[in-house]
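Engineer: One letter stands for each residue in the lines below.
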Amino acid sequence: MNFEFSDEQNLLREQALGFLQEACPTSTVRAILDDDDRPYDDELWRKIAELGWTASVIPEAYGGLGLSYLELSVIAEELGRAIAPVPFSSSVYLATEALLMAGSEAQKEKWLPRLATGDVIGTFALGEGPGQPRADKLATAASGALTGVKIPVADGDVADFAVVVARSDAGDGASLHLAELDGVDSQSVGTLDPTRSHAKITFADDAAEPLGTHGEGWTTTQRLLDRAAVLFAWEQVGGANAALEMAKEYALERYAFGRPIASYQAIKHKLAHAYVKNTLARANCYYGAWALDTDADELPVAAATARVSATQAYYYASKENIQTHGGMGFTWEFDCQFHYRRAKLLSVNIGSEATWQDKLIGAMERDRPAA
Amino acid sequence: MDFNDNAEEAAFRAEARAWLEANVPAREELEGLDEVEAAKLWQKRKYDAGWACIRWPEEYGGRGASAIEQVIWNQEEGRFPTPGSVFGIGQGMAAPTLMAWASEEHKREHLPPLASGEHIWCQLFSEPAGGSDLAALRTRAEKDGDEWIINGQKIWTSGAHYSDYGIIVLRTDPTVPKHKGLSYFFLDMKSPGIEIRPIKQISGGANFNEVFFNDVRVPDDQRLGAVGQGWQVALTTLMNERMAIGGGGGGVGFSQVFDLARKVEIDGEPAIRDRNVRAKLATWYAQETGLKYTGYRALSALSRGDTPGPENSIGKLVAASKAQDMASFAMDLLELSGAISDPAHAEARGMYQATFMGAPGGRIAGGSDEIMLNILSERVLGLPQDVRVDKGIPFNEVPTGR
Ligand SMILES: Cc1cc2nc3c(=O)[nH]c(=O)nc-3n(C[C@H](O)[C@H](O)[C@H](O)COP(=O)(O)OP(=O)(O)OC[C@H]3O[C@@H](n4cnc5c(N)ncnc54)[C@H](O)[C@@H]3O)c2cc1C
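So the sequence lines, in the order shown, correspond to chains R and Y. Position 150 (the first sequence) corresponds to 157 in the numbering used here; numbering is contiguous. Position 51 (the second sequence) corresponds to 85 in the numbering used here; numbering is contiguous.
If you are wondering where the hints come from, they were derived from the structure by calculation, not from laboratory data. Yeah, the Cβ is synthetic: ideal placement off N, Cα and C, and Gly gets one too. Any given hint might turn out to be false.
To be verified - Only pairs whose alpha carbons sit at most 35 Å apart, straight line, appear in this in silico DSBU-like list of lysine-lysine:
(1) Lys214(Y) <-> Lys275(R)
(2) Lys255(R) <-> Lys141(Y)
(3) Lys314(Y) <-> Lys275(R)
(4) Lys54(R) <-> Lys297(Y)
(5) Lys144(R) <-> Lys297(Y)
(6) Lys224(Y) <-> Lys275(R)
(7) Lys224(Y) <-> Lys214(Y)
(8) Lys214(Y) <-> Lys255(R)
(9) Lys255(R) <-> Lys314(Y)
(10) Lys425(Y) <-> Lys275(R)
(11) Lys78(Y) <-> Lys214(Y)
(12) Lys255(R) <-> Lys425(Y)
(13) Lys144(R) <-> Lys425(Y)
(14) Lys224(Y) <-> Lys78(Y)
(15) Lys275(R) <-> Lys234(Y)
To be verified - Cβ-to-Cβ under 8 Å is the rule here; a few derived chain Y residues that face chain R:
(16) Gly165
(17) Ile189
(18) Ile300
(19) Gly302
(20) Ile306
(21) Ser362
(22) Gly372
(23) Glu381
(24) Val423
(25) Val432
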């Protein structure tokens, strides 16, 4: 057994950290927040693609680097720490992954090389409005072409194609379809975190081709979400640690009643609680990364565990970071808001905390048949 | 004890309700008015009919009503969608301070326009170096004949940009321990030398401000309490502040989340059938009613002549985190759609997301959670104070950071 990243992976982390400190300081995040016309930072996206991060887990045969999910985990954590305003999660954890899991040879050949270079952005279109997405509630239908409304679709306004979950009368009730978005009605929708753009996509008899086996779409979706959950969790842990770090730095400098506020137990315990949550979440993320990389049977449990603890950790760290900053934390000018927004966005993006808690216990029930 | 109205109270309630039914402005009437204009319209209407600040004595613009009548009025007014109030600071904090400390002349001059909504007041307490540690404020006032000259800076002043008057605590002597060198005044916000700059909040609005003072003159006659007694006067304001804020207010409350839980589904059933959802809703309901009745009990204690005490710190402490948790939970119920804040596409036109972004301010404004807990533990439970490194030291020798 070995519970650590390798030296090479740690080197990658150092490079990623250094690169993002340079290319994605919080002023980059703020620039996207303040500019309604820029859905993401395309220059940062280009640099990220040049580093090969979008190509990480794509096999070499399709123009990728053929790295493992451990490398991708390292990158995810650093992107989360930097609150990077790029469509990485949609394109890499979801669209690329969906193609790797379910794409035909022709589909992989067509899309993966361009996903690897970052020339193409993909996304995943699941939600159809308030409440849990469910196979038996899907309204989007496919009969040669797609019809229906998907909202919200992360990066749906900038993506070149979407993997769309549609109703099916066969098998598990759903099928996946790949739809090119050029010419499709896609409207930007404001979210809590304007540094990550979202859209409402209205398919009106728009062309799409099946992705994977007809009637296996729901099963594939769950598996895809499990895989993505590990990487989302790494982003959350990265963000949670950055928020804790911010709070600590401020608390050391800010005085009240003649002492640094960091010397008050109320603040010390607050930050210690954040540290505990972050540490547990990170440990669960290691386990999740291992399960993802080895495609272990434990993946559903490991992914949901990482997701639940990372969601809790980031929410706590981000809100208590504001609290530690007092009035300053509530200002637009300070950076605390970035983490608070991103934490909540990431926590609902692929299903809420309660949904993942339910998935976790559901997976355990399947793993442990009652005596 | 009786949670039901007696005959007299029932009659009062009926009268209040009848008046409200006939007089709450319809939506069309408020069309085109901004927040301040709408609030003023409603306040003036109440004042003219004798329904403004009803517990105040008549000579100050009130109706001389009892605390129980105030409770009844609040309940009844709360049933209607009335314009938001911009008078909370003036009526809830400045007015009780004036009543306790101002001259009769000032009371007769300033309280009626507060009741009628003609004047809006703001609270110029916090400073960059004095928030939780309010008594560490540095803005100077120096005596010059019958006037004081003010220099320095306040921050986080809610509503300064539309206020007519402000209550302010100033340092009149930096060479004595910090609480002893403060004095309390009220001043005209249009005085020469005052510069107001809005501060944008994380929620996107800009309701609070930085206020700069450059040789601003205030008559000595507008001092409340003795020179050096400012801290005691400020405590009157702060106690009333906690009571006023604790009262709650707009945004996401139990009813909104309850309705949402009936509307959205979990596992194909209304979310409200889910035990976990029920448990959370029940807890919030119990908190909400607990706060409401604690507030009523505090009001009736007031009617026996007590000033609001440190126990009122409970209200704001519980309400602020509750709002944050409820908004967060409502967004979770919406699942992927919880992220949408765009009023055109969001559930309830983005109310949950707006509350989520506003709630962190509630946990800081009017004394942070941590300070409220300190007050409850030290002042109510009587636990020993934290070691105070600044105790007894002349203010200008206390260690400072950023
Ligand atoms: C929305 C909003 C509206 C406001 N409106 C007004 C207004 O109208 N007028 C006005 O005068 N002020 C106003 N304020 C200011 C408010 O009162 C202060 O922000 C608040 O008292 C905290 O002070 P601070 O911002 O300096 O934070 P700090 O005092 O620097 O606090 C930073 C952190 O340290 C903690 N801390 C400080 N001391 C201790 C201690 N002894 N033990 C444990 N923890 C401690 C705090 O809890 C906080 O988490 C407003 C603030 C907000 C957010």
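Engineer: Compare the distance between the alpha carbons of Lys54(R) and Lys297(Y) with 35 Å, and conclude whether the hinted pair is satisfied.
Structural biologist: Cα-Cα ~45 Å, so violated.
Engineer: Can the restraint linking Lys425(Y) and Lys275(R) be considered satisfied, given a maximum Cα separation of 35 Å?
Structural biologist: The hint holds at about 22 Å.
Engineer: Would you check the hint for Lys314(Y) and Lys275(R), treating anything up to 35 Å between C-alpha atoms as holding?
Structural biologist: holds (28 Å)
Engineer: So if I understand the rule, the pair passes when the alpha-carbon distance is 35 Å or less; does Lys224(Y) with Lys214(Y) pass?
Structural biologist: holds (29 Å)
Engineer: Ile300(Y) was flagged as interface toward chain R. Is the shortest Cβ-Cβ separation under 8 Å?
Structural biologist: holds (6 Å)
Engineer: Going straight from one Cα to the other, do Lys214(Y) and Lys255(R) come out at no more than 35 Å?
Structural biologist: OK: Lys214(Y) and Lys255(R) at ~33 Å, within 35 Å.
Engineer: Checking one constraint from the list: CA of Lys255(R) to CA of Lys141(Y), max 35 Å. Satisfied?
Structural biologist: violated (47 Å)
Engineer: How about Ile306(Y): closest beta carbon in chain R under 8 Å, or not?
Structural biologist: With Cβ-Cβ at 12 Å, over 8 Å, it is violated.
Engineer: Given the hint that Lys78(Y) pairs with Lys214(Y), test it: the Cα-Cα distance must not exceed 35 Å.
Structural biologist: violated (40 Å)
Engineer: CA of Lys144(R) to CA of Lys297(Y), is that 35 Å or under?
Structural biologist: holds (15 Å)
Engineer: Please verify whether Lys255(R) and Lys314(Y) have alpha carbons no more than 35 Å apart.
Structural biologist: Within the cut-off at roughly 31 Å; holds.
Engineer: At a threshold of 8 Å, is the proposed contact between Glu381(Y) and chain R supported by beta-carbon distances?
Structural biologist: Given a least distance of 5 Å, the restraint on Glu381(Y) holds.
Hint violations for this structure: numbers 2, 4, 6, 11, 13 and 20, all remaining hints satisfied.
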